[in-house]
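Asks: What follows is each chain in one-letter form.
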Amino acid sequence: MTTGLLTFIVIILIAIAIWQLTKIFDLSQAKADNSQVANDKDNNINGYLMMGFLMFIYIITIICFVKWGDLPLIGNAASEHGTSVDTLMIISMVLIFFVQTLTQALLHYFAFKYRGKEGQKALYYADNDKLEFIWTIIPVITLAGLILYGLFTWNEIMDVNMEDDPIVVELYAQQFNWKARYAGEDNVLGKANVRLIDLGPAANILGLDTEDPYAQDDIVVQELHLPVNRKVVFKMRSQDVLHSAYMPHFRMQMNCVPGMITEFAMKPTMTTEQMRDTPKITNKVRRINDIRAAKSEKLLAEGEDALEAYEFDFLLLCNKICGESHYNMQMKVIVESQEDYDKWIAEQATFGGKE
Amino acid sequence: MSATAVHAEDHGHDDHGHHHKETFVTKYIFSQDHKMIAKQYLITGTVMGVIGIMMSIFFRMQIAWPKESFTIFEIFLGNWAPGGVLSADKYLALVTIHGTIMVFFVLTAGLSGTFSNLLIPLQIGARDMASGFLNMVSYWLFFISSVIMVLSLFVEGGAASAGWTIYPPLSALPEAIPGSGLGMTLWLVSMAIFIASSLLGSLNYIVTVINLRTKGMSMTRLPLTIWAFFVTAIIGVVSFPVLLSAALLLIFDRSFGTSFYLSDIFIQGEVLHYQGGSPVLFEHLFWFLGHPEVYIVLLPALGITSEIIATNSRKPIFGYRAMVASILAIAFLSTIVWGHHMFISGMNPFLGSVFTFTTLLIAIPSAVKAFNYITTLWKGNLQMNPAMLFSIGLVSTFITGGLTGIILGDSTLDINVHDTYFVVAHFHLVMGISALYGMFAGVYHWYPRMFGRMMNKNLGYVHFWVTAICAYGVFFPMHFIGMAGLPRRYYTNSEFPLFDDLANVNVVITMFAIIGGIFQLVFLYNFFGSMFFGKKAPQNPWRSNTLEWTAPVEHIHGNWPGKIPHVHRWAYDYSKPGHDDDFVPQNTPMKDGEEELHH
Chain A
14 MTTGLLTFIV
24 IILIAIAIWQ
34 LTKIFDLSQA
44 KADNSQVAND
54 KDNNINGYLM
64 MGFLMFIYII
74 TIICFVKWGD
84 LPLIGNAASE
94 HGTSVDTLMI
104 ISMVLIFFVQ
114 TLTQALLHYF
124 AFKYRGKEGQ
134 KALYYADNDK
144 LEFIWTIIPV
154 ITLAGLILYG
164 LFTWNEIMDV
174 NMEDDPIVVE
184 LYAQQFNWKA
194 RYAGEDNVLG
204 KANVRLIDLG
214 PAANILGLDT
224 EDPYAQDDIV
234 VQELHLPVNR
244 KVVFKMRSQD
254 VLHSAYMPHF
264 RMQMNCVPGM
274 ITEFAMKPTM
284 TTEQMRDTPK
294 ITNKVRRIND
304 IRAAKSEKLL
314 AEGEDALEAY
324 EFDFLLLCNK
334 ICGESHYNMQ
344 MKVIVESQED
354 YDKWIAEQAT
364 FGGKE
Chain B
3 MSATAVHAED
13 HGHDDHGHHH
23 KETFVTKYIF
33 SQDHKMIAKQ
43 YLITGTVMGV
53 IGIMMSIFFR
63 MQIAWPKESF
73 TIFEIFLGNW
83 APGGVLSADK
93 YLALVTIHGT
103 IMVFFVLTAG
113 LSGTFSNLLI
123 PLQIGARDMA
133 SGFLNMVSYW
143 LFFISSVIMV
153 LSLFVEGGAA
163 SAGWTIYPPL
173 SALPEAIPGS
183 GLGMTLWLVS
193 MAIFIASSLL
203 GSLNYIVTVI
213 NLRTKGMSMT
223 RLPLTIWAFF
233 VTAIIGVVSF
243 PVLLSAALLL
253 IFDRSFGTSF
263 YLSDIFIQGE
273 VLHYQGGSPV
283 LFEHLFWFLG
293 HPEVYIVLLP
303 ALGITSEIIA
313 TNSRKPIFGY
323 RAMVASILAI
333 AFLSTIVWGH
343 HMFISGMNPF
353 LGSVFTFTTL
363 LIAIPSAVKA
373 FNYITTLWKG
383 NLQMNPAMLF
393 SIGLVSTFIT
403 GGLTGIILGD
413 STLDINVHDT
423 YFVVAHFHLV
433 MGISALYGMF
443 AGVYHWYPRM
453 FGRMMNKNLG
463 YVHFWVTAIC
473 AYGVFFPMHF
483 IGMAGLPRRY
493 YTNSEFPLFD
503 DLANVNVVIT
513 MFAIIGGIFQ
523 LVFLYNFFGS
533 MFFGKKAPQN
543 PWRSNTLEWT
553 APVEHIHGNW
563 PGKIPHVHRW
573 AYDYSKPGHD
583 DDFVPQNTPM
593 KDGEEELHH
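If you read the protein sequences in the order shown, they are chains A and B.
Under the numbering used here, think of the first position of the first sequence as 14, with each following residue one higher.
Under the numbering used here, think of the first position of the second sequence as 3, with each following residue one higher.
The following block holds chain A by itself, in its conformation from the complex (with noise of 0.2 angstroms):
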């Protein structure tokens, strides 16, 4: 208590002491104006000043690029719809850049260019029909090209079919974990309801139909392995609240809603091994542990244990506010070549049994 009692005493000082600095300030003008309105002093100095915020608006946007800029998921999606995302992305992030770069430019050297002065009188410019024709024409011929090839590309990723033998997965979710259920040999998941779920000893936390044929070859897992180049299709169910299925690295997500089942599809092109190997996820990982070393080295200090080497893996976390533990509700995604996918899942145990 006594330090929050401090606390707001420093801070009513220092408010008094803002007061004072800014009395002082005005009283020293040798001119005392005291008009509170600008005059041409403050024009100059916040004219050139506008000038300055331009500069750290493009320094903050180098700054991030150089050190950040290799952060965002871009240019590696490990999924075939990933690739058309990333590239109408690019194009999308290329133009605005430009578009900012020349609107923050005009806005804020007009400001400094124009500041007032004594004496100077503005231009009366109430409006222009054709400048204006010419800064709607345009957004209109740029916004339509991207909502075109957006378009496009959405109707594709979101076309979910039975093309291709796809192999067909069901994620579900609950407060605060995923499984996943693989169809089986039918390739068709069996009959599911929140009602049927049985948590005793006849384990059936799915809520399968015990009488469904197609449930009975249906496999549960707690991590999600994929063929690689193999569509897979995606049934999100949730058993509580809303939950949001999001692979960042496939370029995929899609909300989990009680109620009803929803749909996603997509095909891995890269095994997690393969995307260990991209630069950029090699790049990331020394970053990571080369971060994880050195709080390891403090904890160690601390007489605690280190921290794990971190080794990428796809990921399947949740995306949608869920309840308390919503930041730790993850899977593991492993991709991996067909031969090592059917040997992992003739290991499974099938719902009805049989091994």
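Note that these hints are calculated values from the structure, not bench results.
One thing to keep in mind: the hints can contain errors.
[What the hints assert, rightly or not] Pairwise CB distance ranges, derived in the manner of DEER restraints:
(1) 158/B with 52/A: 55 to 65 angstroms
(2) 84/B with 235/A: 27 to 37 angstroms
(3) 156/B with 224/A: 43 to 53 angstroms
(4) 310/A with 352/B: 46 to 56 angstroms
(5) 115/A with 45/B: 33 to 43 angstroms
(6) 130/A with 156/B: 48 to 58 angstroms
(7) 557/B with 53/A: 25 to 35 angstroms
(8) 115/A with 454/B: 36 to 46 angstroms
(9) 359/A with 84/B: 45 to 55 angstroms
(10) 27/B with 115/A: 48 to 58 angstroms
(11) 158/B with 307/A: 40 to 50 angstroms
(12) 168/A with 533/B: 51 to 61 angstroms
[Claimed, not checked] Chain A is faced by these chain B residues, among others (derived, beta-carbon under 7 angstroms):
(13) 266
(14) 292
(15) 384
(16) 503
Virtual Cβ for every residue (Gly too), placed ideally from N, Cα, C.
Since chain A is already given, all that's left is putting chain B on it; use the hints.
Replies: The following block gives chain B in isolation, referenced to the frame of chain A:
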């Protein structure tokens, strides 16, 4: 037209003292005078703003230094932060209430409530609002809803914690998160009252603008501030009732066992009885208000900016008609774009295409506005008053934040950045910071009109420059961690080694947030200090054209002693050739042979 207004019109105002005996209560508390109500809105909004911004600093500290103990948490958050460590579910409560307070209580009521009330009668030449009584009721409903929202922080289980969008089932089931108990009930009650307040206010604004304009004040001569407030009120009347119905249905689901939004739920080992509802329905209803709400927040700020940029550039606003047209276009489009918040909600992907199309269309009127502001500065004689700085700052953040909307509005790109920090960066710049700048600009500009005194300009400069740098410092890097896939609303990112390399970015962001937050004290100091110690304001300190500066500095009931001024020209005759002064107030008759040079 209400009885008071008619009466005032007929008799002038020399004798008003006989009719209105004012006591402390009727003057300062249950006042029906729009100027006093504006001040009440502003001060309540400011108090709520302090709470909202403090919350954001607290949860930013948790993100930067996860699970560390802070004395300041113990003092302010009490049992939300046992031992000074913020708990995970209360982190979500902070995020939720921060969003709710900033969007509704500060940037809707605080901004629109203050400036619509202050400026609509004064700028159109009316004695008061159409209904002073409804106006008073509107403020007091807002006050009650604010009190309930603040009280909800102290109940068992804590405040609502389902995010400011309160999507069910999380918001519907106390089993899902502690905040969905009494805290959520109070949230819903508070918002229902808030909506009633907002509707009363909006109806009043609309009626006043349509009916009470002084002679000569045609719609095409309205200052852009009034256009913005007018259209904002219309959007509010169209969309707020939908949120009210969404909230009512949610109350039904929560308390009376209906299943509007709920179906097939198994939680904490039990099956619930709900059957047949859909959370997606709630999302539709919520965003049918939620998206127009962005423009309810933003348009008044843009209106204020138009006025301030023109006045301080000593130039007419460029393209008045285009500005009005773009306000109308934005208002219309704002009601048909809500689905872009729901691209991946499970709704039909075809709707995604439609909403992408309508959403990107909004970029067109927005671009027109930005270009018109920039052209207004061109060859001006810019008076760098604090209000002008905040207006230029608004245009800057509006552009930076608006441009990333092109990415988020595109359904394809939204897949990967949806609900990441990219979204947080986008909407904070384009509507949060922009609208806040609009509010600051409005306060600095109309402070002399509200309190009869000037604010200190040097403190204003310090306030602006530090705020401007910190706003970019906070939200610019945020785009990058968002594009790196970092989800918002995570209590800590330390469970994902994948995000370890974003931790230092988060520290930088939090530092900027703390500095920016602390420097708002400079504003508060200036604001409250100037009320008592500020220099007495002259009649028309910024040499502005609009009618509010023709009314006496000391507030009187009915705004003008004697007759209401008539209007002879538009509001933007700055530096008009043929006039000695660089401004020609709207009530100045046209000279012989003088022509309107705009169209």
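Asks: Next, verify each hint and record whether it holds.
Replies: For each hint, the structure was consulted:
1. 158/B with 52/A: 55 to 65 angstroms: holds, 57 angstroms
2. 84/B with 235/A: 27 to 37 angstroms: Since the Cβ atoms of residue 84/B and residue 235/A sit about 32 angstroms apart, the hinted range of 27 to 37 angstroms holds.
3. 156/B with 224/A: 43 to 53 angstroms: holds, 51 angstroms
4. 310/A with 352/B: 46 to 56 angstroms: holds, 55 angstroms
5. 115/A with 45/B: 33 to 43 angstroms: At roughly 41 angstroms between Cβ atoms, residue 45/B and residue 115/A fall inside 33 to 43 angstroms, so the hint holds.
6. 130/A with 156/B: 48 to 58 angstroms: Roughly 56 angstroms apart at Cβ, these two residues keep to the hinted range, so it holds.
7. 557/B with 53/A: 25 to 35 angstroms: holds, 33 angstroms
8. 115/A with 454/B: 36 to 46 angstroms: With Cβ atoms ~43 angstroms apart, the hint holds.
9. 359/A with 84/B: 45 to 55 angstroms: holds, 49 angstroms
10. 27/B with 115/A: 48 to 58 angstroms: Given about 56 angstroms between the Cβ atoms, the range holds.
11. 158/B with 307/A: 40 to 50 angstroms: For residue 158/B and residue 307/A the Cβ distance comes to about 42 angstroms; the hint holds.
12. 168/A with 533/B: 51 to 61 angstroms: With Cβ atoms ~59 angstroms apart, the hint holds.
13. 266: With a closest approach of 5 angstroms, the residue 266/B hint holds.
14. 292: At 15 angstroms from the nearest chain A Cβ, residue 292/B fails the 7 angstroms test, so the hint is violated.
15. 384: holds, 5 angstroms
16. 503: With Cβ-Cβ at 5 angstroms, under 7 angstroms, it holds.
Violated hints amount to a single one, hint 14; each of the other numbered hints is respected by the structure.
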